[in-house]
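J.: Two independent chains are provided; combine them into the complex using the hints.
Listed here are the chains, written in short residue letters.
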Amino acid sequence: DAGVIQSPRHEVTEMGQEVTLRCKPISGHDYLFWYRQTMMRGLELLIYFNNNVPIDDSGMPEDRFSAKMPNASFSTLKIQPSEPRDSAVYFCASSGRGRIGRSYEQYFGPGTRLTVT
Amino acid sequence: AQSVTQPDIHITVSEGASLELRCNYSYGATPYLFWYVQSPGQGLQLLLKYFSGDTLVQGIKGFEAEFKRSQSSFNLRKPSVHWSDAAEYFCAALNRDDKIIFGKGTRLHILP
Chain X
1 DAGVIQSPRH EVTEMGQEVT LRCKPISGHD YLFWYRQTMM RGLELLIYFN NNVPIDDSGM
61 PEDRFSAKMP NASFSTLKIQ PSEPRDSAVY FCASSGRGRI GRSYEQYFGP GTRLTVT
Chain P
1 AQSVTQPDIH ITVSEGASLE LRCNYSYGAT PYLFWYVQSP GQGLQLLLKY FSGDTLVQGI
61 KGFEAEFKRS QSSFNLRKPS VHWSDAAEYF CAALNRDDKI IFGKGTRLHI LP
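So the sequence lines, in the order shown, correspond to chains X and P.
Start counting the first sequence at 1; every next residue gets the next number (our numbering).
Start counting the second sequence at 1; every next residue gets the next number (our numbering).
Isolated chain P (complex conformation) (with noise of 0.2 Å):
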């Protein structure tokens, strides 16, 4: 079955650290990816999505993500992590029903 997996269900960082979320996904073609952020009692909020061409994408507040098909991952990263990053990270897929899978989200806190 079509599936995202994010293996960290917490991540602890410094202030002023870099970060790496991980995501994996299953499926044959290029999918679809995305990374939302989920704030304490908010929605989700897109932070970057990958369709097709250049393999790294910018997002919104300083994120980015790498697209690698031979490790079937999606991982996204920040250099220099700030204590309001702190929050629920979700990736996310479109499968071929075209609807959007969630892995089951990785929550990051900060160290300040």
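Chain X with its partners taken away, still in its complex shape (with noise of 0.2 Å):
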């Protein structure tokens, strides 16, 4: 498997523009998180899916961003308009099942390093 797939790696924009940022999960997983990581913040959960569906998006930090899951093979965070503010890396992770029901281990992409100008 290729693993979780995410683009682009790197991202630089001027504040105002909008950004997207994509994601591939591993087939098969039902479970899709996006993170935000920070030197002062750390690793943030912003919003994850099950089944497509999102879950709990209450660590969006504005409305300035969203996200959507059209189908099981395929995520988009969109941040628009972006602020300097936003300049993190951004993480897509996946989940799937386990033996007994649900697997909790994640798998994660290599991230987007988004800078904001």
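Everything labelled a hint here was simulated from the structure, so no lab data went into it.
Heads up, a few of these hints could be off.
[As the list claims (entries may be wrong)] Short, incomplete list of chain P residues facing chain X, as computed with Cβ under 10 Å:
#  : residue
1  : Val13
2  : Tyr27
3  : Gly41
4  : Gln42
5  : Gly43
6  : Leu44
7  : Gln45
8  : Lys49
9  : Leu94
10 : Asp97
11 : Lys99
[Claimed, not checked] Cross-link-like lysine to aspartate or glutamate pairs, in silico, EDC-like; alpha carbons within 20 Å at most:
#  : chain 1 : residue 1 : chain 2 : residue 2
12 : P       : Lys104    : P       : Asp85
13 : P       : Lys104    : X       : Glu44
14 : P       : Lys99     : X       : Asp57
15 : P       : Lys99     : X       : Asp56
Backbone N, C-alpha and C define an ideal beta-carbon position, used for all residues, glycine too.
T.: Right under this line is the structure:
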């Protein structure tokens, strides 16, 4: 398996522009997570989906952030408009089912490093 | 509030020396606990997990961790570190809302 795939790996944009981050989870996984990592705040869960349905978006910082999962193999995280304080590394992770039920092991993608100038 | 604490931001050890990274959690019941490693420029990789049973769990890359309920701890250990172990290590726990809460991380430096 190719693992969790994220694109782009690096994104540099100007303040006010729209940014779209993409994620392809591991095939067969039914949970998908979006995290943000910064030096100041560490690793924060933004939102997660189960079977393509958003379950908890309480970590989404503002209305400028939105996430979608139109099908089991694709998700996007959009920031519109972007601000310098959104600069961070954004990770996507997925998890699936174990032998006795939900597996809580999360598999992370390589991340997208976002810089907003 | 439920939390995971890693008291050491940085740890430096010599290659070949033993390692222990500390982790404390604040939960009432027996939590699900994890250790992840993050190498520079990469995502997190699961080292090991504890759900129940034997309190000493073995993981990948020669790491192990011990769950101690009396101390609310889940410390990560390795008997002899290699230069390739230099990375950031995250302890995590599953909270009551079924979400994984991560500690702030401990950055491990290896001296040659």
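J.: Please go over all the hints and tell whether each is borne out by the structure.
T.: Structure-based check of each hint:
Checking Val13 (chain P) against chain X: minimum C-beta separation of about 23 Å lies over 10 Å; hint violated. Annotation: interface hint on Tyr27 (chain P) violated; nearest CB of chain X at approximately 14 Å, more than 10 Å. With 10 Å as the threshold, the beta carbon of Gly41 (chain P) comes within range of chain X, its nearest partner Cβ sitting at about 7 Å, so the hint holds. Satisfaction of the interface hint for Gln42 (chain P) is found here, the shortest Cβ-Cβ separation to chain X being roughly 6 Å, below the 10 Å cut-off.
With a cut of 10 Å, the hint placing Gly43 (chain P) at the interface with chain X holds, because the nearest CB-to-CB distance is about 3 Å. Of the supplied interface hints, the one on Leu44 (chain P) holds, with its beta-carbon coming within about 4 Å of a beta-carbon of chain X, less than 10 Å. The interface hint given for Gln45 (chain P) is met, as the beta carbon of that residue sits about 7 Å from the closest beta carbon of chain X, less than 10 Å. For Lys49 (chain P), the suggested interface contact is upheld, since its CB lies about 7 Å from the closest CB of chain X, less than 10 Å.
Below 10 Å, beta-carbon pairs count as interface contacts, and Leu94 (chain P) has one with chain X at about 6 Å; its hint therefore holds. With its C-beta approaching chain X no nearer than about 7 Å, Asp97 (chain P) sits inside the 10 Å limit, and its interface hint holds. Hint on Lys99 (chain P) holds. Least Cβ distance to chain X is approximately 6 Å, under the 10 Å limit. A threshold of 20 Å between alpha carbons decides the hint, and for Lys104 (chain P) with Asp85 (chain P) the separation of about 18 Å falls inside it, so the pair holds.
Taking the CA atoms of Lys104 (chain P) and Glu44 (chain X), the gap is near 10 Å; set against the 20 Å cutoff, the hint holds. Restraint check for Lys99 (chain P) and Asp57 (chain X): satisfied, since their Cα atoms lie roughly 12 Å apart, inside the 20 Å limit. Our distance criterion of 20 Å between C-alpha atoms is met by Lys99 (chain P) and Asp56 (chain X), whose separation comes to about 9 Å.
Checked against the numbered hints given earlier, this structure breaks hints 1, 2; the rest are met.
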